[in-house]
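Going line by line, the protein sequences match chains A and B. Going by this note's numbering, the first residue of the first sequence is number 1, and it counts up by one from there. Going by this note's numbering, the first residue of the second sequence is number 851, and it counts up by one from there.
No lab work stands behind these hints: they were computed from the structure. Values in this document were obtained by computation on a predicted structure and should not be read as measured data.
So the derived label-pair ranges between C-beta atoms look like this:
| # | chain 1 | residue 1 | chain 2 | residue 2 | range |
| --- | --- | --- | --- | --- | --- |
| 1 | A | G457 | B | P888 | 46 to 54 angstroms |
| 2 | B | A867 | A | R300 | 41 to 49 angstroms |
| 3 | A | R385 | B | H1049 | 40 to 48 angstroms |
| 4 | B | K866 | A | P358 | 52 to 60 angstroms |
| 5 | B | D1071 | A | R385 | 51 to 59 angstroms |
| 6 | A | I378 | B | E920 | 49 to 57 angstroms |
| 7 | B | S889 | A | A362 | 56 to 64 angstroms |
Note that CB positions come from ideal geometry on N, CA and C, so glycine has one too.
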Amino acid sequence: MMLLRLLSWPYLRRHLLRWILTVAGIVLGVGVFVAMHTANRSIFRAFDTTIDRIAGTTQLQVSAGEFGFDESILERVQSVPEVGVAVPVVEATVDPNIPGQGSLLILGIDMTGDRSLRDYELTDADQAIIDDPLVFLAQPDSLMVTTEFAERNHLAVNSKVQLATIEGNREFTIRGLMSSAGMTRAFGGNLAVMDIYAAQQILGRGRRFDRIDVRAKEGVTIDDGQAALKAALGPAFDVDPPSARGRHFEALLQSYSTAMMISSLFALMVGMFIIYNSFAIAVTHRRSEIGVLRALGATRHQIQTLFLVESIIAGTLGSVLGAAVGITAALVIAQWISSVLETAGGVAQRVTELEVDPTLIAAGVMAGITTSVVAAWIPARNAARVDPVQALQKGKYQVLSMGENRRRRWMALTAFLIASVCLLLSDSKPLFYTGYLAMMGAGLLLAPALTLFLSKGLRPVLRRLLPAEGTLAADSLVEAPRRTSATVSALMLSLAMVVGFGGFAHSFYSSIREWMDNALNPDFFVAPSENLATRSLTFPAEISSVIERVDGVDQVQVVRDARVTYHGVPVMVIAIETEKVASTVHRTPVAGSLEEMNRLTAEGKGLFVSESFATNLKTKMGDVVELPTPSGLLKLPIVGIIRDYSDLRGSLFIDRSVYRAWWKDDTVNIARVYVRKGQNVEAVRQRVIQTLSSRYRLLVLTNREVRDWIMKLLDQWFGMTYNQIVVAVLVAVLGIVNTLTVSITDRKRELGVMQAVGGLRNQIRWTVWIEALTIGVMGLILGTCLGAVNLYYTLGMIKRDLGGIGLDYIFPSAFMMLMVPIILGAAWIAALGPGEAAVRGSLVEALEYE
Amino acid sequence: MVSLTHVSKIFDGKRKATALEDIDLHIDKGHMVSIVGPSGSGKSTLLNLIGGLDRPTSGDIRIDGENLSELSDDDLTRVRRDKIGFVFQFFNLLPTLNCLENVALPLHLRKWPRRKIEDRAQELLNLVQLGHRLEHLPDELSGGERQRVAIARALSVYPPILLADEPTGNLDTKTGQEILKLVDDLHARLGATILIVTHDSEVAERCSRTVVLRDGRIVEDRRQ
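Pulled out of the complex, with its shape left as it was, chain A reads as follows:
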């Protein structure tokens, strides 16, 4: 403590700016970590809350994916002896036509039986409704909303609400307000309850239910109830506790969560280099101080402890601040991700409050402190090894020893060899990731030697460009390899991440464009909702013939898709009119012949799957897929694997005839409409709207609009990733500021001499700027190289564990070209402050500076 007070505190005060920058590195790293995890957790929590609240005292839920099932199943469930209460549910989100309110979660229930499962405590309603739910049912336009929703929108009992239903906008009357307790916390309060038969009608369900909520008979355990129901219903139905829906949601979000975790770890690692840099510089600066201490009897252990305690203090301060920043940012991020999920996945959840997990915060703080200590470990050990005699001598002290360089190069070579071996055996998951880490490690270990090599290599170039300023800037980099290489490493790591994600995004965008060109080629699409991902509204089958009769329409292909759980993975079943689709769509086959797979699928003798399905479910050509359907287990062999991005977890394509036969459902999600040659697309579109709008709520989207919608979704999906990249680059820029702040201190005398012999202020500024720009150039060169490797592993990781999507390796050259001005601009901005500091000080002091 005494050493801390006497030595560390005065040093900290003298170099406050640098310490603030160091701590800022940790703040950003921990902030991103806490924000992303808290946001993810809050989204899961919001989803779970919605499920919990809606579930009431439900113990088990019977479902068959998003397709739902026939009403007759209810009787089969109720006839199971172990079942106490079984009530049907239809659930969907609809637009309440209230600006700024988003969607309203409609719960269609059977009021007569449902009260035994859910508590509809009404704070305001006609007494008749409270006393007898049949009064509610007798009026098919009845709706109950939560008090929160009513208050937010100034609604009361008997107020009217326009709901966007499958039959167009329909007016509903609020007959009751549900109290704040119980269900009203579901979906952020945007919840409405209506009679199930009204819900079936307005949501296009026909005579189908989405699920049946069950409570077991008194004395029957949940497990027994589940087993009995499974036995009675067969494999076509899922019988799970309500919480299982949360698990499916988590599975849906798995790739996103993993990507977030990786990028927050990257941010922490970049932060680690900033801390390492700061401590390495501090040890160098305080070398004579350490020498004096050692001469006065301080042990190596005491010196090492002194630096480690400093790192713990910096780490704790940065981590606590980072956690606070992260929590503050988490709600905004959570709401943003939540809206993306609702748009992209059609998943109903709404984040209104944060789920702050003390364990997560503690983990974030511990990660920050650990990162800080790990980063400070080598500088602290070097401080302990300082030879007191040499330390008290003046002269060069930053040069990396040959031994240290050689040792690093050997370690890098070893890591590279390990990575190469792992690459050959990359079928094994642990070896793939070991190889990834080893390759990144090799890059980082080589970074100091490469930085020195590049600094020396760039000296003649800089000298030619600006003889005085360029030479001095290059020399400054060469003479302080520790200072330079740690910053270049941080920048390199940031850029490697940028190339990895940027390349992934580039490949993904390019694959999606190719897929859209091949598969999404109708002139327009007719859907029941503006959100194509929402599958809770469906058209009746007749829509196909109605559209076909419209003048100018050449062909209509109807599609019914829904998510089902296959072997625990939520995948998409897409029922298509295979023959029709084959005549207009030319997909990219990954395995099998396109003609053969189309023929067999159309004949009902097989199905084809997306590449992601094949990877995620570890299936191949010829494997038999067993799909649970309301009519039993549908077994079809895989007759083809195609590249398809309809759903990232995986898609199965079956013929519509097979779907109708096995699911007993002929509803439609989307109609793909082709216009006859020579016809004006817009005119035909208007005719379709005119014909259908009186009967259905519908949205007719042109090919361009659908493409734009998909691209917007992608932009939103990648938006958060780009934000993380910004954070990582920001952390790296902090490193540059840190390095330059130290550099101008180290070169105070040199810059003073330059001014004394005639250097103008701008020339001094340029010296500092060139140093920063050179760091940027070296970071760009090394970052591009490591990024090219990182991209290879990123694509491998995505194919293997994050969605199973096979993407071509396309180096994002244009993206990197864009990064050049960004990084150099950031480096220059980072150099502005230090550049000004360099010209503002006293010249006399500078010339006397030791």
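Got chain A sorted already, so can you dock chain B onto it with the hints?
What follows is chain B alone, placed relative to chain A:
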């Protein structure tokens, strides 16, 4: 050539310290003047003010009739690089630049053509008898050689004024003598106005005029 009128310099730290007080000094062109006095008498401060490295708290300093107090920082730098050469006690050579590059530095800052810079730097290093050490780094030179390089750098544009702050202070006696001989020789050949701050009486005796400072004031102005 150099004219100081009522020049004072007060350092405004925690406590005010008067380094120079009401200095009036006029130095003619081509003269070699020594400034002597005990430590803390204000010798270096006076040299820094004349050299435009620092600004006076009050009073005027004129170089060739140009009032330094009225100049912006960059204009002051221009005066310094065109009219003044500095020689420091601790040489202040840039350790990463070789002899040729150190001498060439002020010329590069003036944006001279490369060929001309190289010729001038070689010429100057030959003048200080270091023509054979062009590629050597300062670390590879003796103290005397470093000071020669510093002198060559100070003379790079043949400035009309050469300011030397304890040029022999960091050298042994023999090397110091050699450097003084070189300065004498250059003075004779180039005719520059030279101001040398020193506490070495032998150095002072070589100059035609000696200004003695004590507690920030001129207490004696001897001419030989």
